[in-house]
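> Let the sequences and hints guide you as you build the complete structure.
Now for the letters of each chain:
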Amino acid sequence: MSTTIIEVGEAPVELTLRQKWSHYFVIIYAILAIIIGVNLRDSAVFATVPYSNPQVGITAFYPHRWMIDSSGDYVFRVRDMAQTGFKTAMQVNIIPVNSDMTTRNILETLILNRSQTDSTFRVLSQEPIQLADNTEATRMTSTFVASNEDPFLESIPTVVERMDVIAVQGGQAIIISFLSDALTFEQNYPKFEQFLNDVDF
Amino acid sequence: MMLTSKARLFATSWLMLVVLLITSGVPAAAQTSLDVERIQRATVLVMQTRIIGSSPIITCVGSGTIVSRDGLILTNAHHSLSGANCSGDTLIISLNIRPGEPPVARYQAEVVQANPGLDLALLRITRQVDGRLIDRASLALPFVEIGDSAGVGLDDTITVVGYPGIGNDPIVFERGTISGFAAEPSGGDRSWIKTSASITGTMSGGGAYNQNGLLIGIPTTAPLTPNPATGNCISVQDSNADGLINTNDVCIPTGGFINLLRPSAFVRPLLQAAQLDISISFPLERVISTTATIPTARPHFRYLGFSPSVNPAGMPTTIIRSLPTGSNSLYLFFDYENMTPETVYELRVNTNGIPNPNFSVSPVRWSGGSRGLWYVGSSGQPFPNGNYEFTLFIDGIAGDSARLVIGGGPDEGAAFSDIVFGLLDSAGNVTGTGFVLPTGNTASARFLYRNMTPGGSWAAIWYYEGQEVQRTDDGTVWAESDGASGTKTISIQSVNGLLPGSYRLELYIEGRLAAVSDFTLAGGQDGSFARIFNNTHFTTASTVQEALSAAPISSFSAGTSPIFAMFNWQLIGPGTLWRIEWSVDNQLFFSQTQPWSGAPTGSNFLMQIASPAGLPDGTYRLDLFVGQIQFDTAQFRVGIGQLPIDRFASAEGIALRGQVLNSVSRDGIQGVSVMLISEDYSVADFTRDWNQAQLIATATTDRNGRFEVNVPLQRGALYSIVLLAEGFLPITADGVEITDENHPDNSPIDITLELTPE
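These protein sequence lines map, in sequence, to chains Z and Y.
Its first residue numbered 0, the first sequence is counted upward by one per residue in numbering that gives the first Met the number 0.
Its first residue numbered 0, the second sequence is counted upward by one per residue in numbering that gives the first Met the number 0.
For the record, the hints were derived by calculation from the structure and aren't laboratory data.
Do not rely on the hints blindly, as some may be mistaken.
Partial list, derived from the structure: chain Y residues whose beta carbon lies under 7 Å from chain Z [to be verified]:
hint: 1; residue: Thr89
hint: 2; residue: Ser93
hint: 3; residue: Ile96
hint: 4; residue: Arg503
hint: 5; residue: Gly670
hint: 6; residue: Trp689
hint: 7; residue: Gln693
hint: 8; residue: Ile695
hint: 9; residue: Thr699
hint: 10; residue: Arg702
hint: 11; residue: Glu707
hint: 12; residue: Leu723
hint: 13; residue: Ala724
Since this is a predicted model, take the numbers as computed values, not measurements.
Heads up, the beta-carbon is just placed ideally off N, CA and C, and yes, glycines get one too.
And the structure:
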């Protein structure tokens, strides 16, 4: 004796046009939401604040919610205070140069000064680059070790990677620097790239 | 404000918590006005080192105290400056990181101001211990404030703080009382504060604090030449690399026990100059015709005598043979020769054959010139009856002694006293009395006498630069017409004119020295007074030659440097002691006494006052002295003519510190930014502008989540706080206030905060 089992299923129902469009809209809304979300995130992450210093002749856009400081021996410096550990920073320095000075001379001076003040300073690379406005510049990458200045705390020193972009223009050298924890340098670098593209001097 | 609504909700809830935590802050130290923790942290070990072979060898050790947040350290000169006994070239600064533990080397420092005679030095932290340069502005070290040493009195309780060993021991706090004051010409009746506290040699350079926690003195002793055989030094390193640590290795001087504190009043000029970063150079070219000679002969003392009091010129009022019962002041006078600022001298006093530390002076650096009359004594301190023996030591070797009996009634014998000098007017009166007279043919002295017997012998001997030049005739007797008591005037004369220089008058009764006093002849005559310096003026120039011909200027623009000062002088004898004082806004920051080594008369004595960052705004004054008399003064303004206000100059306030935890894992969070916003701004202001100028302090948490705000908080001020870390909701709080109600003492506030992961 044999038994035959016959499955009786519900007959497929053709979706109505309205149902089809509903599904399509849900998918489209989801994609749109993702796109808008990504854009919103990007605009938040890459939001900038204008900076202008007519005395020095610099305009720039630095990341929103980074703390600005112009009390040091630089034109200005911005730091990401939310960063745990070493605070990622970008800063602009200007040094006067004479007509005989080359970018190479400026680099040597920088290396000499930093070597004398910081025994952990090391140069990683130097290369010529062209800025967004076709200005010829030189890029130097270096490292040093930073530590909390408070001697009473137990802070572990951080290896910092530093990139300096040096351009000579109008009797002065402008040095635009980016400093970041070496472990997060690549991750933070796009912000510096944007900063570099927007800076005008 | 750029916080999200969720963050804002959190912030609001945290605000109450933060305020609550702050208002209930747990005091970290006992409730006392002596801020033990701050003093501990500000007390450092100073090690002088030099490289021998490839190893750093410790050559000298002492204690020190941080006196400014940007790293100025007050200590002794003898273990800071390189010299015969301390031959190092690098100063290593060790901090007390944890209470009860030995100090840890953290920094290198350089000497920025020093006075070897006063044995004081100010060091500035310039590098990390590994040699990396330090930005002074980035330092925010705990420091103590200088108190008023003139305000302390006998039997006041003090606390002396320092390191008792050469680096293996933690800080010690020694309590004691002020047992007296020692007098010297360098600082008058309060040249030294004596204490009963038990202070070991390496605590020299540390701090002595009053009950309000202010530094009122620096425990000071100068170690003698290191000699392992005497046990006054310790060898701890194999400096000669022979595989053994023995007497052939570098021996670190440790000194003996200390009973003296150098009063903090001596520190202020050095501190002012160091804080202003001002240097003064003189003399510049073309002025000096001779150079000062450094004594090479063996230093010695002679002609010890006693006086119950000292006049304003530092001269004994009389010479005594005994002192009556109940006396409370006594000065030992003596001549000195060939002394240098590195000479160590000591006074040991025995009473009835028993050492008496109350009136002794432990070994200290010499703070006088190379030759002259000196005294050491004490006032305001009762002397018990007894037979006293005073013995002076130079570099540990006993020199002359003198004995004095204290007890019984006053000496009713014949006496001379209170010598003053001046010029005789036409009526025979002595005018222009003082101890600095103009050069001329005559100089006169007036003195008091009492209990003189007519017919008794007396003598007056005049000296010029140590050589006898005039004396009363042998056999001179006291005239009956002068009476037993009164005033007498005598003179020294020279038809060719008296030479400018240093003079002395000694008066004898029956062959016994009864009174002695030095005086100086200098300058031209201006009425009854001397005119020594004139035409003091200032200018600025890029070179010395330009300065000599530049027009005088009395008001300079802000940041000017260098500024040159010039003056003319007349008739100053070689070796005449003169003093330069510089003040800014009436605060003395430079005072130096030196022997004149130039031509007797000249013009444009040139000195330079400079600062690397330009002279700070202020009103600067130059005063020129001979003896205690100011002979010329002039001033100039820089910028607005007033010193800028340093809002961080005060150590007063309450320290804020704490720990930031992850609210979920309860672990400390590393790298959190703790930002303290100035009372002029709110969190909303700050998070709109994100401008560092609105902050008064920032701190970053360490690997345990601990942080310390390095600016002391003030009572009554309203602060705002922002805590920020990527991946966590921020904490903000406005209106944080410390009041007497919520925090009655000055102990640090220690708070725990929790950040919630986003």
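> Next step is simple, just say for each hint if it's right about the structure.
Hint-by-hint comparison with the structure:
Among the interface hints, the one on Thr89(Y) is violated; its C-beta lies about 15 Å from the nearest C-beta in chain Z, farther than the 7 Å criterion. For Ser93(Y), the shortest C-beta to C-beta distance to chain Z is roughly 10 Å, which exceeds 7 Å, and the interface hint is violated. Checking Ile96(Y) against chain Z by beta carbon gives a least distance of about 6 Å; that is within 7 Å, so the hint holds. Nearest Cβ of chain Z to the Cβ of Arg503(Y): about 55 Å, over the 7 Å cut. The hint is violated.
Interface restraint check: Gly670(Y) against chain Z, minimum CB-CB distance 3 Å, threshold 7 Å, status holds. The restraint placing Trp689(Y) at the interface with chain Z holds, with a minimum CB-CB distance near 5 Å, inside the 7 Å limit. Because the smallest distance between the Cβ of Gln693(Y) and any Cβ of chain Z comes to about 9 Å, over 7 Å, the interface hint for this residue is violated. Because the smallest distance between the Cβ of Ile695(Y) and any Cβ of chain Z comes to about 13 Å, over 7 Å, the interface hint for this residue is violated.
Hint status for Thr699(Y): holds, given a least beta-carbon distance of 6 Å to chain Z, under 7 Å. Hint status for Arg702(Y): holds, given a least beta-carbon distance of 5 Å to chain Z, under 7 Å. Among the interface hints, the one on Glu707(Y) holds; its C-beta lies about 6 Å from the nearest C-beta in chain Z, closer than the 7 Å criterion. Using the Cβ-Cβ criterion of 7 Å, the hint placing Leu723(Y) at the interface with chain Z is satisfied: the shortest such distance is roughly 5 Å.
At its closest, the beta carbon of Ala724(Y) sits 5 Å from a beta carbon of chain Z; the interface hint therefore holds under the 7 Å criterion.
The earlier numbered hints that this structure contradicts are 1, 2, 4, 7, 8.
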